[in-house]
Amino acid sequence: MAVGKRKIECPLYAEGTAVSEEDIKTRKVTHYEDHPDIRYSWTAGQAISRFLNGLKEGKILGVKCDGCKRIMVPPRMFCELCYKPIDGWVELKDTGTILTYSISYIDPDARPLPKPIVVALIQIDGASQNMAIMHLIGEIEPEKVYVGMRVKAVWKPENEREGSVTDIKYWKPLEG
Amino acid sequence: MEVEVIKGLKFQKKQDVAIVGAGMTSFKRRLNETGRELNYYAVRQALEEAGLTIDDVEIVVLGSAPDAFDGVHMKEEYLSDGAGGFDRPYMRYFVGGGTAVFAPIAGYFHVASGLADVCLVVCEEKMSSCHPHPQSAFKYIWDFFLDRPLKPNLIWIFALEMRRYMHVNNVKHEDIALVSVKNKANALDHPCSHVAEKITVEDVLNSEPMALPVRRLDVSPPSDGAAALVMVAAHKARHLTDEPVWVTGVGWSLDTTWWTNRDLYYPRYAAESAKMAYKMAHITDPRKQIDVVEPYDPFDYKELHHLEGLGFAKKGEAPILTKEGVTQRDGDLPVCPSGGLLGVGNPISAAMGVKACEIYWQLSYRAGKRQVAKEVSTGLCQAWGDLMQISTVMIMSNKR
Amino acid sequence: MIEKITDPEKLRHWGGKIELYWVYTSGKAGDLFFKKLKADGKFLAAKCKKCCWIYFPPRIYCPKDFSETEYLEVSGEGRVRAFTVARLDPYEKELKKPEIYALIDIDGTNGSIIHLLGEVNAEEVSIGMRVKPVLKPKEQMLGDLTDILYFKPI
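Protein chains in written order, with the numbering used here: chain A, 632 to 807; chain B, 20 to 419; chain C, 4 to 157.
Rather than coming from a laboratory, the hints here were simulated on the basis of the structure.
List of simulated lysine-lysine pairs, PhoX-like, C-alpha gap at most 20 Å: (1) A:K687 <-> C:K7; (2) C:K38 <-> A:K659; (3) A:K659 <-> C:K141; (4) A:K775 <-> B:K191; (5) A:K803 <-> A:K746; (6) A:K656 <-> C:K38; (7) C:K45 <-> A:K659; (8) C:K13 <-> A:K690; (9) C:K13 <-> A:K687; (10) A:K695 <-> C:K7; (11) C:K52 <-> C:K67; (12) B:K191 <-> B:K333; (13) A:K690 <-> C:K7; (14) B:K170 <-> A:K800; (15) A:K638 <-> B:K393.
Label pairs and their computed distance ranges (CB to CB): (16) B:V220 <-> C:A42: 48 to 54 Å; (17) C:E6 <-> A:S651: 56 to 62 Å; (18) B:A392 <-> A:C699: 48 to 54 Å; (19) C:R84 <-> A:T657: 36 to 42 Å; (20) C:T9 <-> A:T726: 28 to 34 Å; (21) C:D43 <-> A:S651: 24 to 30 Å; (22) A:G757 <-> B:D349: 49 to 55 Å; (23) C:P101 <-> A:P788: 53 to 59 Å.
Note that the coordinates shown come from a computational prediction; the quantities given were computed from them, not determined experimentally. A virtual CB, placed ideally from N, CA and C, is assigned to each residue, including glycine.
Go ahead and model the full structure; you've got the sequences and the hints to work with.
Structure representation (structure tokens):
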């Protein structure tokens, strides 16, 4: 049927039967529900293990590459630009600058949070430009956060740290 | 035989590739049909438009995003029979959201290389199977040590990127919201649309906050759907139609996966992928040489971000095009005339239906009420995906 | 060379679970099939209008030549084509009573399904054995495959 100039409108049909959440709940539409129990154990590898161990000691660790002269965080065992092993570890400061931020009203399953939280990309002092990590911002009204704001890590007490990014509770505005 | 080189790439091809048929299903939040049945609907339409039967198909490309949505592991195997995938070479391609244009790119390889003369490209997504919410599946693309303990929602990365784009280029939310207003209105003319509506900038700015600056109406909805394309060699196209649409360029590029180490205000990956496609299609000034564009628009700011990356506007200037009406269907550079993901719906890879299929329909003057006002000869579609670092581009023309 | 962590205690790992679940709709043909089973205790198959191949469970299309199908009723009885005796559950724990799973060719169709065999001992099962479905009491039916409890020898 495709030969020749024709004035047809495409798509030719709009097929598909929409069903609602209600249709599922009331079993108006037959369906099958499955809850598989799949468990994983994720290994952190060399670089992130050392980074997490550093957090437990209250330090933020980065790595340096002598090829591109970058100081990188999060740390990695090889420089993805120079494609060679990194040249050493560097202790960075626990202060930084907000590159961008968001005020989140939803949790990972898109359910509303009891109270909105602020999440930001924080460029860590001592690392190269744009070397940021994602973390939470606290001790400030969400509306008062701005790009370029200076912040400092608020650590958990030493005995509560477990070698996780949550060993930093959040980042708070740096005074002065 | 053409030979050109970009970063060492040689664009040799054995034969020219034309698109002669396309099809898609309705995009809806939840469809009763199984993924196989959705594929069947889309494929049957594409074959009907092409004037071919399933027996004419020599090779099949399937595009589909993470298995976690459909809840079927190795879903290419499950989906194969609705895609015409058995008893012939069949392969799944997957680059996250970028699959919407990467699947047709893969179809292009198969024909341009001379391996096959008739290739069927099928994309499917059934996001509604995933519970408690399709977004829950995205929990598992985050880094398990650096990101997951913070309990992130995927929207966060887009919100962070949007804020950075707004900050560096001094763009206001109301300028970005115009994209959502335009695309949702365009979708009113699309028979398959999911969330088409007439809205205002105020509606967007007052909609429910998700992760500010992102609000409900800045985002495309998760959808179920499927789409299909028939790609054939030049000598086949001649027999099938007087209105083939030729694939003149393809490109794709990936940025680093250390996403917190990139400056998010500009999509370098989009610029690199466009560079490759432009070189192949002999395009030096996209704004003048390309008539209609379908950039990936899962969020309103992404349309602007991508237009800048693809070289249709200088950095920070895409909102001006939108404001001046240039990107409307009757404008000088229609953008997302289909209604895009924001208006028609976002079934990840099946978004091919509003990207590659739409450009094909626009260039063959079959888009009906959605047909753009100006005369068109060249169009571009683009998709974007993975952890927001891949861009895939295809350029088509109704002139060989 | 950069110094590496060698103490396994210092190498970190994290255990987690994929906390997702899925709700699968039976689809257009599947929905008709299960609704018919639930309402009338009857079985549907579908015949390709072109090649006359009869699919069980039914489909809306023939995957071979992409033409449409038409529904027809079948008895649900069939023959065992192959079977296996499961002694372990999915977590490799021993089952109290071994379960027999069979691939059953359904009469009057070109299709087959996998289901449990009941009211029979593993030693008595043979290939080619005639079986028929045993359904749940109507009020307990949900509209899924478990509405068939098992197949028993005729």
